[in-house]
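Protein sequence lines correspond, in order, to chains A, B and C.
full-length UniProt numbering puts the first residue of the first sequence at 1, with every later residue one more than the last.
full-length UniProt numbering puts the first residue of the second sequence at 1, with every later residue one more than the last.
full-length UniProt numbering puts the first residue of the third sequence at 1, with every later residue one more than the last.
There could be a bad hint or two in this list.
Copies of one chain are not kept apart here, so a pair can be met inside one copy or by any two copies together.
Claimed, not checked - Okay, derived cross-link-like pairs now, DSSO-like style, lysine-lysine, Cα gap no bigger than 27 Å in a straight line:
(1) Lys-60 - Lys-345
(2) Lys-176 - Lys-70
(3) Lys-232 - Lys-329
(4) Lys-379 - Lys-284
(5) Lys-329 - Lys-345
(6) Lys-76 - Lys-324
(7) Lys-324 - Lys-68
(8) Lys-70 - Lys-170
(9) Lys-170 - Lys-60
(10) Lys-284 - Lys-53
These are computed hints drawn from the structure, not numbers from a lab.
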Amino acid sequence: MRSNIADAISTFFLEYETPRQVVVKNRRVGVVCRLIQLIVLVYIIGWVFIYEKGYQVTDKAIGSVYTKMKGVGYAKVNGVQRVWDVDDYVFPEQGDASFVVMTNYIMTMGQQQGNCPELPGKHSCQSDEDCEEGDYRRGGHGKFTTLSPNLQAESSPEGGFPLHGMLTGKCVSETKTCEVSAWCPVENDLVVPDPALLMAAENFTLFIKNSITFPMFGIVRSNLVKRVNLRKCVFHEDEAPLCPIFRLGDIVRLSGFNFQELAVQGGAIGILIDWTCDFDWDRKHCLPKYNFHGLYGDGELMSNSSVGYNFRSAKYYMDGTTEKRTLMKVFGLRIDVVVQGVARKFDIIPTLTTIGSGVGIFGVATVVCDLVLLYVLPKRDFYKNMKFKYTIIDEEKPVLQMDKPVMDSDKE
Amino acid sequence: MRSNIADAISTFFLEYETPRQVVVKNRRVGVVCRLIQLIVLVYIIGWVFIYEKGYQVTDKAIGSVYTKMKGVGYAKVNGVQRVWDVDDYVFPEQGDASFVVMTNYIMTMGQQQGNCPELPGKHSCQSDEDCEEGDYRRGGHGKFTTLSPNLQAESSPEGGFPLHGMLTGKCVSETKTCEVSAWCPVENDLVVPDPALLMAAENFTLFIKNSITFPMFGIVRSNLVKRVNLRKCVFHEDEAPLCPIFRLGDIVRLSGFNFQELAVQGGAIGILIDWTCDFDWDRKHCLPKYNFHGLYGDGELMSNSSVGYNFRSAKYYMDGTTEKRTLMKVFGLRIDVVVQGVARKFDIIPTLTTIGSGVGIFGVATVVCDLVLLYVLPKRDFYKNMKFKYTIIDEEKPVLQMDKPVMDSDKE
Amino acid sequence: MRSNIADAISTFFLEYETPRQVVVKNRRVGVVCRLIQLIVLVYIIGWVFIYEKGYQVTDKAIGSVYTKMKGVGYAKVNGVQRVWDVDDYVFPEQGDASFVVMTNYIMTMGQQQGNCPELPGKHSCQSDEDCEEGDYRRGGHGKFTTLSPNLQAESSPEGGFPLHGMLTGKCVSETKTCEVSAWCPVENDLVVPDPALLMAAENFTLFIKNSITFPMFGIVRSNLVKRVNLRKCVFHEDEAPLCPIFRLGDIVRLSGFNFQELAVQGGAIGILIDWTCDFDWDRKHCLPKYNFHGLYGDGELMSNSSVGYNFRSAKYYMDGTTEKRTLMKVFGLRIDVVVQGVARKFDIIPTLTTIGSGVGIFGVATVVCDLVLLYVLPKRDFYKNMKFKYTIIDEEKPVLQMDKPVMDSDKE
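Extracted from the complex, chain A is given alone in its bound form (with noise of 0.2 Å):
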């Protein structure tokens, strides 16, 4: 028994199956069929081989960023000049990838929290009838719920100013408006300063430190590349481009915008590093891409609503036991440093893969041709009985071999 397994084993090892196969000799089918082969030949190596590179893994990376921005500005107001460091005009304070770069402002100094007639012209009244106690808003549109009023605002300060804070139910007759429970003086953000107070702004300097690490190939780069020289160097597309060093106005210009417009109302950048690596190669090429671009879907939405870029900070301080504050409204470039990183490697199982779905497709050729010859072309029952076999065989009836097939009735 066990020799007779053994015997079955060397049979095996022995021998080999390989398909018979009809090598038809015509010129059509021969030039259509070789030429399918052929595009799927050079379609394999050419394209998804060397062009896709479909031998290598890919791997996106993990990456870190941190952002130091320098520059002194200084801004004239009412005839004060104000000189504004890195820590008066960043914002978060501790480096993050994504902050605001102040370029402009709005300052109420000493607020507290009271009563105080809302700003002249948008919530007038002419008695304490007109100013309904715990309303939110009042204007132009009658009463609103409490909820539409700071809706509107958000896209529309044209349409209707929302209220500072809830009526009181006085009318204040100084100012002709409604009193408010808030913190006063309100807010007066009607008037933009324009041109912006911190034009100074664009000569300030980013410095962006970004680590990435691919962990699948334990590979960890950093964009302070050696020899660039950091002392000396400011990123420039063309003379420096791996220079991390930007200036405010260049990240401005390229990402195809206006410093002046857009330090007025604000505005978002986003700085996009590109890590596209191929490791088959030296890890020395993989070089980060700086890319700017502005931060607003495409232009079908570009509207009043979607430009601009503002948050409100405030400082508080104790002024004997009463609190105050003094509100900013900031008006800035919000930007966004993303990090890409997509690495590739050699590795055998795409490298099989692709080979494998490259026979796959061969197998497709072969089909395509064999329509061709089957029933296309004049003489194709010839070629049916050359490559076919046909048996005959049911179970009731005895087996019959047919090496030269009987054709079928319904063939001839």
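Starting from the known structure of chain A, arrange chains B and C on it as the hints suggest.
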């Protein structure tokens, strides 16, 4: 010589090989085999191609998010009413994708550095001997290293409070508690206000601006859709699913929580902006979907230690030459706006790879049928003869071609 | 007509084609071919299926992270002791995934806007002529544009300090340095305290709450595992690898740094929470792994310019009507908590794709063996005759079927 090669090439191009096949006319095998082939075909065309869209490449989006809250709230503590506007209740101020909206708080005013007794009832002492100088912790559990009290406090406020600072070695007779060196007076957060002080937050609104880029396709999209009127809309899951303005109360409700409960201890909620786009269609169909969910693992983990969200925020000021601070324990909704974008588009490579591996699977069908034919059917030997042609060849022996092979003795 | 089609269909379903094959009984080719087939089989089953789990789909996780520090530190500067609690030493306050723990600082109290002399020794002058009004920079290198000083300062504090503001044109005789318009007095950060002032930070603890979602599988996981007792545990790489509470000193040690050194100049550390889950098993096996590493590229880049982490933080207050600020240069550990989650689960599509491309690779084995058989072996012509059947056909000539083909003259 040249003409020989040319001849070989021309011969090569005028021929083509196609496998010779046996057509087995057998009801059982035929039906089985055709069915398997049909299933494979349906699988490849129906599932892989049409359902899973195997003819498309996918690309992940890079997104950026800005947020803006609106709304004013009022809180009454000890009969004094306080206004809370956006600058007061949102942390951080600059409109990040991840931020906290305060809904409840414990305020400790006028803290300054010094020595003061601990909270009554928790760190009690009879004499100075109970308060060993330099100790960080005491209580029911006896002494601890400087490390463990912090950990205990994290998970079990009930299990013994950590001290607010290092013991000075004195027992304060008025409170019968040890004296600590800390910011004084120490915060008393044993009782959390319930209902939450800023229940008005339910009506605050959140505006989300989100733009995404699909780098592979060079397409940029924004969630500010033209057809949505930002002046009037409020997000509603059925009626206004594209409006990017959200009521805080709705966000909480849609993530399956109760605002009143959540507001007291705080909580964490994720807003997932889901972009699933098919760029074989017009890009205007590429629209965001908003999903809301609590950020707390699955049910098995729900316990007291994993709910609630709070942190402390301090406002520093100078009282003469003394540095003081107002400490706030802030309970609130932490909102994380996460963007997930996947786009698909027709591409020749996945198409051909899918076809190629489909043809490969077709081959599997034939293999299965052959196994049935050659090893299961009663007439298997007959089919073996049909399918295989045997050569008996060995280097020593003369070549023998056996068109009708002599059966091997171990087979018959 | 209908019955004809029905006949054709029924005929189609009762037949099936299988390729005719030659069984080549040759020791050498047989062994070579079987070995190649065996290798392919082992590769497909062993490597692609079992090792690489080619039968599974993968999904990337969406994660959210909250952090909370605990601990109180004391620092003695000029004989005065200061308490530092969480609210003082963590930036930002709200528990982000990326935050800074202060370990060292330089505090400049009572700054106000005005004119004051630059730091002694660095920007020295003999007379007003050495201090040109409006200049931003002077020193050993002569004059610079307003830009370059910032850059230089970034990379080389030794190479010449930038000015703290614009020169007023005056040379202050007491300090022999130029006067600048800036926040005064200017910060003196020439000497960094060593050892670090807040060495106590080594014992501070960090609590990380992390929940992840695998959207494709609809599974949510949290790092708060039931079996871990949050009251008592501290992370230890061997003994408590699931405890989400970390000693800061341990974090630094596990990332390969020395706390004492790092604390002085600060540094950046990444905590990678790695979820690699196989949902073919119970989801309770899906647990996080914590990895710690410095965030500084690879060795080739290590230089003075890439280590250290600092930023400035200012606290503003009003002294009467004068705005003042306390400036802190904060040196600290920047901790980035990064979540990486990959889950796998059985899916029919990758399974069949893998099988399909495996069958394709099997085809490659046959092709290789055929090449050996038909071009290398001495009896190659005999095998050619076995494998191929030739047709000699041309549209002009009569059809000739040649079962035992006439050998081509160029072959024999």
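Hint numbers contradicted by this structure
Hints 4, 5 and 9 not satisfied by this model.
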